[in-house]
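There are 2 protein chains.
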Amino acid sequence: MENVIIIGSGPAGHTAAIYTSRANLNPLMLEGMFAGGVAAGGQLTTTTEIENFPGFPEGISGPELMQTMREQSVKCGCRIETLTVDKVDFSAHPFKIFAGSQMYESKTVIIATGATAKKIEIQNGDRLWQRGISACAVCDGALPCFRNKPLIVIGGGDSAVEEATYLTKFAAKVYLVVRRDVLRASQVMRQRALANPKIEILWNSNVTEALGEKMFSGAVILNNQTQATRIVDASGLFFAIGHAPNTAFLNGQLKTDETGYIMTLPGTTQTNLPGVFACGDVQDKKYRQAITAAGSGCMAALNVEQYLHEIG
Amino acid sequence: MENVIIIGSGPAGHTAAIYTSRANLNPLMLEGMFAGGVAAGGQLTTTTEIENFPGFPEGISGPELMQTMREQSVKCGCRIETLTVDKVDFSAHPFKIFAGSQMYESKTVIIATGATAKKIEIQNGDRLWQRGISACAVCDGALPCFRNKPLIVIGGGDSAVEEATYLTKFAAKVYLVVRRDVLRASQVMRQRALANPKIEILWNSNVTEALGEKMFSGAVILNNQTQATRIVDASGLFFAIGHAPNTAFLNGQLKTDETGYIMTLPGTTQTNLPGVFACGDVQDKKYRQAITAAGSGCMAALNVEQYLHEIG
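Line by line, the protein sequences are chains A and B.
For the first sequence, the working numbering begins at 3 and goes up steadily by one.
For the second sequence, the working numbering begins at 3 and goes up steadily by one.
Hints were generated in silico from the structure; no laboratory data involved.
There may be inaccurate statements among the hints.
Pairs count within a copy or across copies, as identical chains cannot be separated in the list.
25 Å max Cα-Cα, derived BS3-like pairs, lysine-lysine [as the list claims (entries may be wrong)]:
(1) 121 with 175
(2) 151 with 200
(3) 287 with 120
(4) 77 with 109
Excised from the complex, chain A in its bound form:
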């Protein structure tokens, strides 16, 4: 039986691995095999340059950062299996975790499976992903390629207005592409969007095609009422239609909020089940940064350490 199994391999999972390894808990990480639609290492493996992870003044690429974290986990003694967890059974101790043909038993579990940015199918969207197409304004908005350029944001909710407003700091102009003829965003956010001279809202619109060879250079936008199409030149396209936490394998065994994020006791990583901890984006829809995820991974490790102490 394991002391602790870590499910997931982003910054939260690896920081939990480093800390539980150093605490001699001999952790096992199930890093996933293209779980949640991304490679082991999580969402950062789909990004390019990261400028805001502290400790890297020259920046570091997402895949490289995750590679160094993985090396560090292994070096500290963490065992890593490249398996995706299919289901869990938390109904009794020890907890059971199923991955392919394997079944593992563990005294504690750290869930660090992250979230996946929702995307809309767009022609060329995959090809130009991270070549001007992003799902995180806070992460990428300040990159030189977006400065003083027109940008496109897709979405009509609060976070779309937030991201569009954020991007107006850098961009020459921001087109907000809204599917319907109203914004779902709250009253205050709506007013903010409408009052911002740098934001132009394209109502009743869908982005149908991304343009550009090496880098995104614009989009074909369809008016879903008139069926007219137009080309909008832009250097960046941001999806702002939300994220989905990767929790399907839990099959409802942990308490989540109304949008599916695992609920943790504030200031801790404790879920509603003693012995089960959650860290990183799977329990955080607010900050969603590599460094906040890493911080919460450390908290999970220390919470596990204390829990194992308490149960003796």
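Assemble chain B onto chain A, guided by the hints.
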């Protein structure tokens, strides 16, 4: 008037600086000049090798990590003044911050002044600091120099028992040096200490002198009842008598807990005063790690960003 002033320059302060800079808030950091008894960069500048900051599989020295973070803050556009804040006036907007002969006004403030480990005056204690003498078992306990060696922990409270118990994972033996003839620790922790065959409690005792040339090799321990002294050979000495958050300059203007730590709304860095945020060890007596501090610095930056939005 500034948008945001960051007071402090550890991992929390610099991560806040990186994020607020990238959000075009043009932050000003007052990094301190030997504030809280340590150099700009905070407690990490007093440590040697750090093995648990994710992203550095080969480890990195504390001073080097803080140097890279400082470079990154500057590179992102943060202005840094090497001044120690003497006092603040949060009674009206804009907030006023006084440092030497300077007075700054700011819409928001991020407090990241950290905490200082309490130490006891011991002969040679300063000379052998970080040469076998530490104030953090979780940070340093796993270092090779402490493995399978006898270690000494000073303290009689819960955290002393916790650190001693933690160290028994690595150490051959742990001497717990307790000033009185009882442990202040809670009942459960007391039992744990007494039941652990690797822990030997030295009652009514004080460490009076650290021994060793290049590295700590043992201590002179005085029985404060009999006045007898003995030499205890050990490879490590850990202070576990608590930390003091660096909040004197606030002069009681923010709500703190009974031990002086700034209280924040759980899951945020919001203090009881809107517009004033706190991150890192000055508001965290539980986790106190570089990576958790950095994570909370990012949260503070995003909280400031949102607050400035809301007040327009």
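Evaluated hints:
1. 121 with 175: within (22 Å within a copy, 56 Å between copies)
2. 151 with 200: within (11 Å within a copy, 65 Å between copies)
3. 287 with 120: Classified as within: same-chain Cα gap 13 Å, cross-chain 37 Å, threshold 25 Å.
4. 77 with 109: within (23 Å within a copy, 45 Å between copies)
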